[in-house]
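Asks: One letter stands for each residue in the lines below.
Protein chains: 2
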Amino acid sequence: MLRALELAAQGISLCSPNPVVGCVILDKNGALAGEGWHEYERRDHAEVVALRSAGDRARGGTAYVTLEPCNHTGRTGPCSEALIAAGVKRVVAATLDPNSLTAGRGVRRLREAGVVVEAGLCEAEARRMNEGFAKWIVTRRPLVLMKVAMTLDGRIAPPAGHHKQRQPYWITGEASRATVQTLRWMADAVLTGVDTVIEDDPMMTDRSGMPRRRPLLRVILDSALRMPLDSKLVKTANQDVMVATVSQDQKRIEALTERGVRVEVLASEAGRVSLPKLFEKLGAECVLTLLTETGTRLNTALLAGGLVDRIKIFCSPQIMGSDAVPAFRGLSPAVNLEHAEIERHGNDFSVSALLRDPWSEAAR
Amino acid sequence: MLRALELAAQGISLCSPNPVVGCVILDKNGALAGEGWHEYERRDHAEVVALRSAGDRARGGTAYVTLEPCNHTGRTGPCSEALIAAGVKRVVAATLDPNSLTAGRGVRRLREAGVVVEAGLCEAEARRMNEGFAKWIVTRRPLVLMKVAMTLDGRIAPPAGHHKQRQPYWITGEASRATVQTLRWMADAVLTGVDTVIEDDPMMTDRSGMPRRRPLLRVILDSALRMPLDSKLVKTANQDVMVATVSQDQKRIEALTERGVRVEVLASEAGRVSLPKLFEKLGAECVLTLLTETGTRLNTALLAGGLVDRIKIFCSPQIMGSDAVPAFRGLSPAVNLEHAEIERHGNDFSVSALLRDPWSEAAR
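In order, the protein sequences belong to chains A and B. With the UniProt record's numbering applied, the first sequence corresponds to residues 1 to 364, in that order. With the UniProt record's numbering applied, the second sequence corresponds to residues 1 to 364, in that order.
Derived from the structure by calculation, the hints contain no laboratory data. Honestly, I wouldn't trust all of these hints.
[Stated by the list, open to error] Some but not every residue of chain A turned toward chain B, in silico, with C-beta under 10 angstroms:
{"hint": "1", "residue": "Ile311"}
{"hint": "2", "residue": "Ala327"}
{"hint": "3", "residue": "Gly330"}
{"hint": "4", "residue": "Leu331"}
{"hint": "5", "residue": "Ser332"}
{"hint": "6", "residue": "Pro333"}
{"hint": "7", "residue": "Leu337"}
{"hint": "8", "residue": "Ile342"}
[To be verified] Now the stretches of chain A that chain B is said to cover, found in silico as 3 or more residues with beta-carbon under 8 angstroms:
{"hint": "9", "stretch": "143-157"}
{"hint": "10", "stretch": "316-326"}
{"hint": "11", "stretch": "344-354"}
Think of the CB as a built atom: it goes at the ideal place given N, C-alpha and C, for glycine as much as any other residue.
With the hints as constraints, model all of the structure from the sequences given.
Replies: Here's what the structure looks like:
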């Protein structure tokens, strides 16, 4: 199963909006017979790829698969039927389907055909790989992964006037920033606010150097259309920059559109872009995972609104004190990070936690 | 040497104001011949205890000792002479003496007598055990270890009015608080401000359950003598509570003194107790390590004044936002924690770092 998880990881950033899936087939003597993983462009599901590579050796064998085999006909035929037809005797699935409407159907069909089925091996790992898919398939909204880079005492920038505008100010070190590139690579879209654009002039591109099928969609919340036309984001736009606004200023909209920026006029909530409406829109565009890299106001609004599914906070081991810019305004009640995981990134470290489990939402 | 360090640790909280020292003696064939550690009350230094337990087997053997053997006559005779007299052929010391005036003297004397001497094995571990001693022996002031317990975003208490006065409010969990008891056990004195006393009514006692030779000295900074007579600190005082003040209010001083509290009237700095003067006073009372458990104002003053040698920050994985009480007011420049160490304490974690190395100050 660990090998199947490794295979599944090959599909990261390639198979979205499908889940990442890996499959290993052992022959009847327990020897490796075939391997496969799902890549969107090649259409075939991991099981079908693995069965093809196993050929006749699949007969009487065991299939390890990181997600319950599907039992429906989409772009491809049902995998459960393919496994049955190949004569596989036993299927071990890491987890059932996240969609409660279809979960268990693949298992049921296999069992009806006399195949021995077990589920739950390496379940936590398998679920984690498809958190975005689980959230999206059930709610049609992206999983929201909030990234924050701050000092040990929760500051995201020095006091006002201590750094030049329109230049990035890095709180964290190189190792943390490389990890952020990996997070961008794993995401379908990244979100920031126009204040951050004005302040730091970031590119928000995926500079991981890793392959991706669809370009990273860069989304800017900009209710009043203050987006600077000479910002790096506008200069590098190629239909992959979306400005979400409630402004109807046609001149500004045209100026942005002409430069390859998509402008989406969305429903307003107290004069600002409605975040739930934006997430609905992104979900409709098959954004499974949205990485947020926002400032104080949006960090607070997203957390207070219960809109964050997972949070990852990079901490630089420095103390700036309370004159510096806080990462979060008042939150009442406090937000608790349960089962927090801690990782080192050079001199920095990160604390990450799941605030809402899309897999258990799916189960409800 | 690892065994010698274990032995040295037996002296924690017992041998202060002497350093903790452990010694292992191997006979000429490399077999364990004797062990010893220094305990203040028994007077003998670790080497002498180990030599006694080794007896004749020390002759031609090797002594592993966590600190350079002394070459002076204090309460006991010089250890270098004892090792020479016992016929030890080789001495391995983890580190030289922290006092640059005497460092190397023991080694020199041993070498003059034909003993092979090596130094520097497990040096970092050995120095860490005697950080307080190294600071105090050279500067006659205690090592200042700052403890902070805060949320992930640097808050030490919820917004004003969110918790009852004169009741402790715990940010961190049980595992962190147990570790704080260990820090108190390892310290000679603990420091807090009268605001914390009024706010939380803490006891500030060592509840580690571990043996200590001298009672933990509980020091309260109270420039205006606002110490509540019905506080737990006053109620449990037995000459082990020191109120440091600049007030000359004889009535208040008497009221406290009658209740077993020591009141020290110290030099003022802008109307408040001078922290350097307080540390001088504590050093004169053989306080090697002072643990600070203070609030926002004192945390900031201590850090900004460059008065902190080591910091240990316990973080609870929760986010309170900027309405809650910050751990530090503005610090400019920011304080950098280099080579920070991260530990887990249940759901919490701690970040600790050395801000000023008393061993390298000693070398200057």
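Asks: Return the numbers of the hints above that this structure violates; sort them in rising order.
Replies: The structure breaks none of the hints.
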